[in-house]
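Asker: Sequence:
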Amino acid sequence: MGKSSSPASSASASASVSASHYYDFAANFFHDVVPLTRPHQRWRLAFKVIYSTRALLSLLVHRKNQILIHLSHSPSYAVLDINDLDYTDSTPSSNFDHESLITLVKEKNLGILDQFGGVDGVAAALEVDCKDGIHGSTEEVARRCNAFGSNTYQKPTAKGFFHFVLEGFKDTTIIVLLVCVSLSLGFGIKEDGLKDGWYDGGSIFLAVCLVIFVSAISNFKQSKQFEKLSEKSNDISVDVIRDGRRQQISIFGIVVGDIVVLKIGDQIPADGLFLDGHSLKVDESSMTGESDHVDINGDQNPFLISGAKVADGYGRMLVTSVGVNTTWGEMMNSITRGTEEQTPLQARLNKLTSYIGKVGLAVAFIVLVVMLVRYFTGNTRDEKGKREFNGKKTKFDDVMNAVVSIVSAAVTIVVVAIPEGLPLAVTLTLAYSMKKMMVDNALVRKLSACETMGSATTICTDKTGTLTMNQMKVTEFWIGEEAITDGASKLIAPNALQLLQEGVSLNTTGGVYRSNSGTVPEFSGSPTEKAILSWAVLDLGMDVDEVKQSGTVLHVEAFNSEQKRSGVLMKKNVKKAICVHWKGAAEIILALCSSYFGRTGTVKPMNGDARKKLEQIIKGMAAKSLRCIAFAHKPISEVEENGNATHKLEEDGLIFLGLVGLKDPCRPEVSEAVEARREAGVNIKMITGDNVFTARAIAIECGLLTADEDLNNGAVVEGIEFRNYTPEERKQKVDTIRVMARSSPFDKLLMVQCLKEKDRVVAVTGDGTNDAPALKEADIGLSMGIQGTEVAKESSDIVILDDNFNSVVTVLKWGRCVYNNIQKFIQFQLTVNVAALVINFVAAVSSGKVPLTAVQLLWVNLIMDTLGALALATEQPTKELLEKPPVGRTEPLITKVMWRNLSAQALYQVTILLILQFKGMSIFGVEEKIKDTLIFNTFVLCQVFNEFNARKLEKKNIFEGIHKNRLFLGIVGMTIILQVVMVESMKKFANTERLNWGQWCASIGIAALSWPIGWVVKCIPVSDKPFFSLLKH
1154 MGKSSSPASS
1164 ASASASVSAS
1174 HYYDFAANFF
1184 HDVVPLTRPH
1194 QRWRLAFKVI
1204 YSTRALLSLL
1214 VHRKNQILIH
1224 LSHSPSYAVL
1234 DINDLDYTDS
1244 TPSSNFDHES
1254 LITLVKEKNL
1264 GILDQFGGVD
1274 GVAAALEVDC
1284 KDGIHGSTEE
1294 VARRCNAFGS
1304 NTYQKPTAKG
1314 FFHFVLEGFK
1324 DTTIIVLLVC
1334 VSLSLGFGIK
1344 EDGLKDGWYD
1354 GGSIFLAVCL
1364 VIFVSAISNF
1374 KQSKQFEKLS
1384 EKSNDISVDV
1394 IRDGRRQQIS
1404 IFGIVVGDIV
1414 VLKIGDQIPA
1424 DGLFLDGHSL
1434 KVDESSMTGE
1444 SDHVDINGDQ
1454 NPFLISGAKV
1464 ADGYGRMLVT
1474 SVGVNTTWGE
1484 MMNSITRGTE
1494 EQTPLQARLN
1504 KLTSYIGKVG
1514 LAVAFIVLVV
1524 MLVRYFTGNT
1534 RDEKGKREFN
1544 GKKTKFDDVM
1554 NAVVSIVSAA
1564 VTIVVVAIPE
1574 GLPLAVTLTL
1584 AYSMKKMMVD
1594 NALVRKLSAC
1604 ETMGSATTIC
1614 TDKTGTLTMN
1624 QMKVTEFWIG
1634 EEAITDGASK
1644 LIAPNALQLL
1654 QEGVSLNTTG
1664 GVYRSNSGTV
1674 PEFSGSPTEK
1684 AILSWAVLDL
1694 GMDVDEVKQS
1704 GTVLHVEAFN
1714 SEQKRSGVLM
1724 KKNVKKAICV
1734 HWKGAAEIIL
1744 ALCSSYFGRT
1754 GTVKPMNGDA
1764 RKKLEQIIKG
1774 MAAKSLRCIA
1784 FAHKPISEVE
1794 ENGNATHKLE
1804 EDGLIFLGLV
1814 GLKDPCRPEV
1824 SEAVEARREA
1834 GVNIKMITGD
1844 NVFTARAIAI
1854 ECGLLTADED
1864 LNNGAVVEGI
1874 EFRNYTPEER
1884 KQKVDTIRVM
1894 ARSSPFDKLL
1904 MVQCLKEKDR
1914 VVAVTGDGTN
1924 DAPALKEADI
1934 GLSMGIQGTE
1944 VAKESSDIVI
1954 LDDNFNSVVT
1964 VLKWGRCVYN
1974 NIQKFIQFQL
1984 TVNVAALVIN
1994 FVAAVSSGKV
2004 PLTAVQLLWV
2014 NLIMDTLGAL
2024 ALATEQPTKE
2034 LLEKPPVGRT
2044 EPLITKVMWR
2054 NLSAQALYQV
2064 TILLILQFKG
2074 MSIFGVEEKI
2084 KDTLIFNTFV
2094 LCQVFNEFNA
2104 RKLEKKNIFE
2114 GIHKNRLFLG
2124 IVGMTIILQV
2134 VMVESMKKFA
2144 NTERLNWGQW
2154 CASIGIAALS
2164 WPIGWVVKCI
2174 PVSDKPFFSL
2184 LKH
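Going by my numbering, the sequence shown opens with residue 1154, and the numbers climb by one from there.
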């Protein structure tokens, strides 16, 4: 960059030189120059720039001397680009200070921006075409990414596998067990030597490690799963212009120099500068904490910071910094990983775990005291029948070994009694369901939504794109009172056609891209905008670029769901005439009109008959499920042409231009889905911005209403009517309403609040920025992944990726499945807890010994906590889940059905195990060690068979659909194989004896009886009245 200044006298002297002299000299100099080498070409280009600049200066002097005098006192700048023309391997704009560019946006410094030459100067420095954007080639994008960085930031380090291992070792009961292990190892090795003395302590240590490592592996895998889902939820789509084409890319693919198209509800993906647009306001509260919306314009405030949201208007921005160089990236880099979210169900289960743990601790303490008293009073005997404690005659090491063994058994009872598998089961089932829901086009943003969705009693859904296919097409066109079928551009008068083309091309947030004249154009924007643009280009013969160049837009009022219309104020370049164009809901636009255009181009007054005729046309179109959009305009005599003035567009006395009907067919699967939800006890309410006739027609197509239902029966209301009810009237009528037409986001919020006051669990779908309050207020907010704005997505709990109502139904099904799977596991685990506690307690009190050793109890703990959770938490949703009514907010976690099932199984197991404990030796004619092994083997097999019972809480056929859950069958198979190995091959480790075929068959037979017992028990009816209120919310 060269810099020079000259005094006023020099400027005056140069004024006498004619401008033509410089032009002639330059022309003659370059006319016949032979091709030069590349360095010479650079200097030739520099020379050319200097002379061109001086020629321009001379022209200014010649026309107005004072301009020259002003310039002579100011520094002048000339940018000399003498780089090679091949930029493939070079860094873009390597000769300008990118750090200053980063700083100017962060600090919103207009002074630095002026030094760059304004926004246009920055664009030139970054080698960006302000209309067509950057080149979209892979090489160009990679080059910019290497030069300026990628649009990502450094994430906090994810928790590694050993973090979860360490967490496992921090558990209090595990620490006590490890202390016992150390003592056992010390005394055992001292007593029996290293070769044999390590078995007892070493076995417990290996069992503890096995439990911890299996749990750590499970937790680590689920943590990785949640990480992936989190990345997916952060990957939003952004509209950019590359090679003149508007396209959607990932936010992570944004590079410096990209031109981003912004509309209401979008998140600003990077730091940048405002290029052009209208009425652009942004919400920077997430970054600055200020709730007031900030006006963005090219003069006073062109700065756009990443992380902010577009609150109003639309525009285009030039990206100047990405990733860690942005305001958002800088903030995210300083944020450490927060604590994991705890869902309501996990909180309830933690309370349950604490309660059961206290019971287990009390039992373990009683067992500890009883066993210590029996030992020190000489009431326990060793394998040879001798008293284990003989006062002072007993060695200290023997005493300590016995005490450590007793303490280990008591602590192990606590380990088994505390159902730490319950929170693990919730994590497993949530992670599994989230993964499956992603496959079914539902992205879970908040874990609690998975559970809450299972309790949903009411779903308030949008129409467009959710119940319908979101494939808009103009099927009818009326001008005045005449329907135009084919050849619209030839049948309409030129003046009316021109006004329609202006109304479509200037009053839109969509775009048209045509790579060359022979190709089919591509349309971008919302489905409504794309349909209207497609109709105007293909049927009206509109050339968007030509129409836009024929006039200048002075002011824009962007579409919003309150007014249901958008307007644009334009000035024509040729006639300098100013007019306003409006587009919006047909009946609203019609109400603003006082005259209308006929097909011949004549303007007719809007008398009573004409207005009624047009109203009937709109009703007729609406009855065919068409969305009716009208166009109107009005010539304006004069207006303040101030780019920053928030001029209120005139909206009375308009001239009605025409009317189009857009067809958006219902999704074929919607009727069936609606019927299924009704059977599941879920009420569905359609909330739409369409008029009452269109809404009713769509509701009939979808099965929400029947064709013979009267509009006056309260099932269909308009938003304004619902808004004007008293609070008491709303509460009285809200359950009857199935369709709310012409509704605003405020009406949707009112309905959600009203339903929640009636203790309904409400799920709401939404896609617009204004839907955010209703999405936050609802128990479950469901935003749309395709049409939803980033504001709506951030306010929601679940994102429906395909905008399909059937996916909403899938979420409902998985929500119920999560709750049901947790209940299955609770029933299974509590059965094990009760049986293990009772058998050890009774045996310890009666005989002074526990039949299940520490290692055996840890193995049972592994089966029921980790493997059991994995087997039962991954059950697939079934049709029967949707045949039941929703689970209410205050329903107990453990139902009377569950208490019936687990009580019967626990009673059976305790009875059998106590018989084996006291009569097993005589029944089987075996020694005590084999009897203890029989008890251990039967107990484990009882849990394996009971896992099958837990699959169905109420149905008698426990094998239904079992072939679909291969993981369940694999875990059961693995448990049986490991149990065989434990009994037959790990005598010293597990303290077991080998069993013969008869003893194995007896164990299997006893355990298998739990199946017929479960079948019989399920025949016993239970009352629907609440039971065990302790576990309620």
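Each hint should be verified, as a subset may be incorrect.
Claimed, not checked - Below, computed lysine-lysine pairings styled on DSS-like, alpha-carbon distance capped at 30 angstroms: (1) 1377 to 1416; (2) 1259 to 1589; (3) 1381 to 1717; (4) 1717 to 1589; (5) 1683 to 1434; (6) 2082 to 2037; (7) 1377 to 1588; (8) 1434 to 1717.
I should point out that these hints are in silico values taken from the structure, not numbers from a laboratory.
Asker: Between residue 2082 and residue 2037, does the CA-CA distance stay at or below 30 angstroms?
Answerer: Not OK: residue 2082 and residue 2037 at ~50 angstroms, beyond 30 angstroms, violated.
Asker: Just to be careful, I want the Cα atoms of residue 1683 and residue 1434 compared with a cutoff of 30 angstroms; is the pair within it?
Answerer: holds, 24 angstroms
Asker: Measure nothing beyond the straight line between the CA atoms of residue 1259 and residue 1589; if it is 30 angstroms or shorter, mark the hint as holding.
Answerer: violated, 41 angstroms
Asker: Against the 30 angstroms threshold, does the CA-CA distance of residue 1381 and residue 1717 hold or violate the hint?
Answerer: violated, 39 angstroms
Asker: Measure nothing beyond the straight line between the CA atoms of residue 1717 and residue 1589; if it is 30 angstroms or shorter, mark the hint as holding.
Answerer: violated, 38 angstroms
Asker: Given the hint that residue 1377 pairs with residue 1416, does the C-alpha gap stay at or below 30 angstroms?
Answerer: Status violated; Cα separation ~34 angstroms.
Asker: Please verify whether residue 1434 and residue 1717 have alpha carbons no more than 30 angstroms apart.
Answerer: holds, 19 angstroms
Asker: What's the verdict on residue 1377 and residue 1588, does the C-alpha distance respect the 30 angstroms limit or exceed it?
Answerer: Judged against 30 angstroms, a Cα distance of about 11 angstroms means the pair holds.
The structure shown violates the earlier hints numbered 1, 2, 3, 4 and 6.
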